[in-house]
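Asker: From first to last, the protein sequence lines stand for chains A, B and C. For the first sequence, position 155 matches number 155 in the numbering used here, and the numbering has no gaps at all. For the second sequence, position 13 matches number 1013 in the numbering used here, and the numbering has no gaps at all. For the third sequence, position 283 matches number 2283 in the numbering used here, and the numbering has no gaps at all.
Be aware that one or more of the hints could be misleading.
To be verified - Sample of chain B residues facing chain C (criterion: CB under 7 Å; computed from the structure):
| # | residue |
| --- | --- |
| 1 | Leu1006 |
| 2 | Ala1009 |
| 3 | Gln1030 |
| 4 | Pro1053 |
| 5 | Gly1055 |
Claimed, not checked - Listing some non-contacts, in silico: residues in chain B with all C-beta distances to chain A over 12 Å:
| # | residue |
| --- | --- |
| 6 | Pro1013 |
| 7 | Arg1022 |
| 8 | Val1024 |
| 9 | Ala1039 |
| 10 | Arg1084 |
| 11 | Thr1091 |
| 12 | Gly1098 |
Source of the hints: derived by calculation from the structure; they are not laboratory data. For glycine and all other residues, C-beta sits at the position ideal for the given N, C-alpha and C.
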Amino acid sequence: MSESLTCDVVVVGAGVVGAATALYTARAGLDTVVVDRGPVAGGTTGAGEGNLLVSDKEPGPELELALLSARLWAALAREGLGEAVEYEAKGGVVVAGTDRALAGLEKLAAEQRAAGVEAAPVPPDRLTDLEPYLTPGLAGGMHYPQDAQVMPALAAAHLLRASKAGVLTGREVTEVLRGPDGAVRGVRTGRGDLYAPAVVNAAGTWGGEVAARAGVSLPVLPRRGFVLVTEPLPPRIRHKVYAADYVADVASDSAALQTSPVVEGTPAGPVLIGASRERVGFDRSLSLPAVRALAAGATGLFPFLAGVRAMRTYAGFRPYLPDHLPAIGPDPRVPGLFHACGHEGAGIGLATGTGRLIAQALTGHTPDLDLGPFRPDRFTRFTEEAV
Amino acid sequence: MNPLELAGARPGPAFTVTFDGRPVDALPGQTVAAVLWAAGVTSWRDTRRGGRPRGVFCGIGVCFDCLVILNGRPNQRACLVPARPGDEIGTQEGTGHGRTRTPDGTGDGSTEEARHAD
Amino acid sequence: MRTDLAVIGAGPAGLAAALAASARGVRVTLLDAATQPGGQFYRQPGAGLGAARPEALHHGWRTWERLRDGLAASAVRVLTDHHVWCVERTPDGFTVHALLGPEQEEPVEVHARAVLLATGGYEQVLPFPGWTLPGVVSAGGAQAMLKGGLVVPGRRAVVAGTGPLLLPVATGLAAAGVEVAALVESTAPLRLARQAPALAGKLAEGVGHAAGLLRHRVPVLTRHTVVRAHGEDRLTGVTVAALDADGHVRPGTERHLPCDTLAAGHGMLPHTDLAESLGCRLDGLAVDVDTEQRTDVPGVWAAGEATGIGGAALSLAEGHIAGCSATAHLHGTARGPAPAALKARTALRRSAAALDSAYALPAYWSEQLTDDTVVCRCEEVTAGSVREALDLGAGDERTVKLLTRAGMGWCQGRMCSTAVAGLAGCAPTPAKRPFARPVPLGVLARHHPQEGLS
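One chain only, chain A, in its complex shape:
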C-alpha cells in the first residue's frame, strides 16, 4: 500500500531526539510527521540508561546544550510528563578514589561552576550521608544536583504522544527527495512519499546513512556500550554515582575498551550499571571482558553489589562524530535538510535542547545557543581528506 502525505517537517527517527524535535516543532506550529524504519525507541534510545547529566561535561558547547536541556526536561516534568517518563531529579555524585583524582575533579568542578553548573564538594566523611552504601576510604566527591534521570523508551513514547505529531513506524526512508534547485522536497519510504520542505535527520547511530540518502556525508560512527541490569532492589542507590575517571573515558578517542562504572537505581527496582565504550562497529555479541569490568567497577564503588545478581546485559550503539559533538542545525549543503544526531552517550539528556534548537532554526528564530560548533558540514574537509 502506498500513500503520500504533505506536512511542514518530516523527522526521521522515532528515538528520543526525534521525539523531542517533534514536540518542539509541533509546538512551534509546524505540521510534523515522524517516520522510523523500526518501532518507537527501537535504536539507541531503547538501549540507553536515561542519563540527564551535566556533571560529566567539560565547559564548552556540549555543556551549554546540557544545561539548556536540563532546564527543558525539568519544565516538561512540571507540565505533567514527569511521572509518565519516570523523571527523577536525583542529582549526581562523582567520587574520587585518590587525592590526585580528587584534585582533577575539583579543578573540573571549578570550571563547570563558572559555566553555570551547581557542584558542591563532599568531604570523604560526608559521602555516606548522600550514599550510605558507598565503599569506605574514598578521597572525596562532588555533588551535582542538576543531574537527573528519565526512562528513555517511555520518554520517547510520551514526548511523541505529547507532540501530537503523526508517527509512522516500520517505514524506512529510502531517499531524501530533492527538487531541481537541490532543496529538500520530502522523503521516499517503502510505503509512499512524504512531502515537506524540511527534513530532520534524527536517526541516531544510523544518521550517516540518512545523510547519505540526502547526498551528503556525515561521519556518524557507532561506539558500543554494555549496560548491566541487576535483580530488583529496594532503593539503595539514591543518585547517579560514578567515578571521576568516567569523564576522561567519555572524552577519549581510543578504540579500546574503556569502562568506568556509572551506577544508579531505578524506580522499577533494578540497578543499572554502565558504561563501557568500545569501537567495534555494529557487533552486538556479548563481551565478557566488558561486562566483567563493569561489574568490578560497580562492586568497587558499592561492595554490597557483589552479592546482587545481574539479570541481564545488553549492548547499544552510541552514535558519535569525530569531535564528540553532535550535529545540530541546518545543513548548508542541502537547503531544507537539518541534522539532529551524533549525541554519543548523551542523547537522552541532550534531546530536549536539540529539539528546541531545531524548532528555532526551522521557524527562523534566533536559537538559544550558537549552532556554530554543531554545524553538520564541519567534517566536510575532514572526510574528503579521509577518502
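Here the structure of chain A is known, so what remains is to put chains B and C in place on it, guided by the hints.
Answerer: Below, chains B and C alone, put in the same frame as chain A:
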C-alpha cells in the same frame, strides 16, 4: 494411594525445618518447595508491586515465582534448593531485601543485608 | 578443568550424546543444573526419599535404566549442580561458565575443545485471568514436583491447556491419589485423528494414557478451555467453556469446576540462550542444525528439544547422532551413528511436526484476557498495560517490553514472551539473554575464578 506409596518410598528419618518460625516436617531428598507442599503450604512470596501471594509455578527453576528467603538469604528458588535439617524458610516480601516475617506475623526479623539499611 | 567435549544438559539428548562420544574415546564432561542426571523427562525422586518403585511415575523406564547404567560404566565425567550461565568462545575452543550448587554463588569454568548443547525446553503457559493464584501450576511443574519430590499440590485438580504433556500429567496425578476433576484440552479430537498416520509411534503411548484416564475416571473435555481461575489468595475453582470451530469461546457453555489445583500447559519452548549468545543461527525459536546436528558455529553441536520440540525418543536419536559427529570432528574420524538412530530421527521428526500442528494454540486465547489480567508474572504487567503500550506506538514485543517492563523481571520473559508477542499481534522472536541465568556481580567481577573441581 499417595505419591510416597505410589513410588514405594522408604525415606530416611524426617527432620524439622521452620516456615515463618513454625516447625514443619521435612523428608530427606525433598526440595524446599516439596516440603512446603507436603505441609499444605502453596504460597511463600508476596509480589513487590501488588503484594500478591505466589508459590511454585514452573517447578523447574525457570519462572522464579517460588522465590523464598532461606536462612536469611532472599531470592532462593524453592523448587531447586534441597531442604536441610534446621533450615529457616521465610516468606519473601517484595524484593526480599527488606524485612522478613516472624511467627506472630509482626515482622521484626530482617535479612542479613537489611540490618545495614537506612 | 579441561575436556574434549562439554555436553550441557543431562536429559535424554545430553545423555545419549555423552555416551556416544565417550564410547568412541572422547573425553566427555557432562554438566547439568540438577542434583541427578535425567533431565525433566527422567527426573528422579531425591535419593533420600528411598523410592523403591520410581518407575511407577515414568514411561520408558527401561530406556532410562540403560542410560543410567551406561553412564555409570562410562568414563564420562558428570558434573551435577552446575548451572551454566554462559559459553564463551576462546582462541582454542570454549569456556563453559557455571555456578555451583543450589546457592549459585561460586563460579566454575570448564574449558572444552567442542560443545554440545542439550539444554532442553520448558513449558509454555498462556495467561488467563487468575493464572497467578497459588494452586495454579504449570502441567510440567506439577509433574516435576511429583516425580522429584513425591508431592502433589492439592486434593482435586483440573489439568488444562493443550499438548501431549497433559495426558501423562493427568494420569500421574490421578495415580498419586489426586482427584482429577477434568482434563481440559482445547484441541478437537478430529485434529488428532487427522494426524494419526504420522503419530503411529506415539499411538501406543497415547493409548496407555487413555487407559489410565479411564481407570481413574478422569472426565475429558476436548475443544474446551479454562476461561478463568477463581480464588482470593488460593485457587478455589475454574470456569471452563467450550470452543467453537474457529476457537472462540461459545457463550453459555461456561461451567464452574471446584478444585484446589490447576495444572496448565500449552506446549513447550526450546532453551536457546547459550546457543544464541554463542552466535548460533536459530530457526524460528529453535537452534538451527544440519543433518549431523551441527550448528553454524564451528565446534558447537545441538540436540534434543533445544533444536525443536519433539519428545524424549527424538532427543535420544539426535543426541546420539550429535555425539558421533562431534567425535568425528575431534578425532578426525570415527564410527558413524547407528543407522537406527538416523531412521528413528526421520520418523520421529515427522510425528513431532504432526503433533505440533494437531496441538495448535487456541486461536483466540487473548480474548479471555481482561485488562487486569497479569501477563508478565515477574513485573506484574497487565494485559491493559500492554494494550496501552501498543496504543503508545509499540508494535512489537521488544518495544512493549521497553514501555511496560513485561519480560524484564527475574525470568527474563521466558514465561510471558509468547503472550506479549501475541497481544502485540506478532510472532514470538527469540529473546537475547546473554546470561542464561542470573549471575552475582561478585562472580562477574572476579577475573580468575577457581579451576573446576570434579
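Asker: Does the no-contact call for Thr1091(B) survive, Cβ to all of chain A over 12 Å?
Answerer: holds, 16 Å
Asker: Would the least Cβ to Cβ distance between Arg1022(B) and chain A come out above 12 Å?
Answerer: holds, 26 Å
Asker: Say whether it holds or is violated: Pro1013(B) keeps its Cβ farther than 12 Å from all Cβ of chain A.
Answerer: holds, 34 Å
Asker: If I take the minimum Cβ distance from Ala1039(B) to any residue of chain A, is it greater than 12 Å?
Answerer: holds, 28 Å
Asker: Does the CB of Gly1055(B) sit less than 7 Å away from some CB of chain C?
Answerer: Holds, because the Cβ-Cβ distance from Gly1055(B) to chain C comes to roughly 5 Å (cut-off 7 Å).
Asker: Close enough to count: is the Cβ of Pro1053(B) nearer than 7 Å to one in chain C?
Answerer: holds, 5 Å
Asker: Just checking, Gly1098(B) versus chain A, shortest CB gap more than 12 Å?
Answerer: violated, 6 Å
Asker: Go through the hint on Gln1030(B) and say holds or violated, using the shortest Cβ distance to chain C against 7 Å.
Answerer: Nearest chain C Cβ about 5 Å off; hint holds.
Asker: Measuring Cβ to Cβ, find out whether Val1024(B) lies farther than 12 Å from everything in chain A.
Answerer: holds, 27 Å
Asker: Does Leu1006(B) pass the interface hint, meaning its C-beta sits closer than 7 Å to a C-beta of chain C?
Answerer: holds, 5 Å
Asker: Minimum C-beta separation from Arg1084(B) to chain A exceeding 12 Å: can you confirm that?
Answerer: holds, 21 Å
Asker: Would the hint on Ala1009(B) be counted as holding, given a Cβ-Cβ threshold of 7 Å to chain C?
Answerer: It holds, given that the least Cβ distance between Ala1009(B) and chain C is near 5 Å, below 7 Å.
Of the hints listed earlier, the one the structure fails to meet is number 12.
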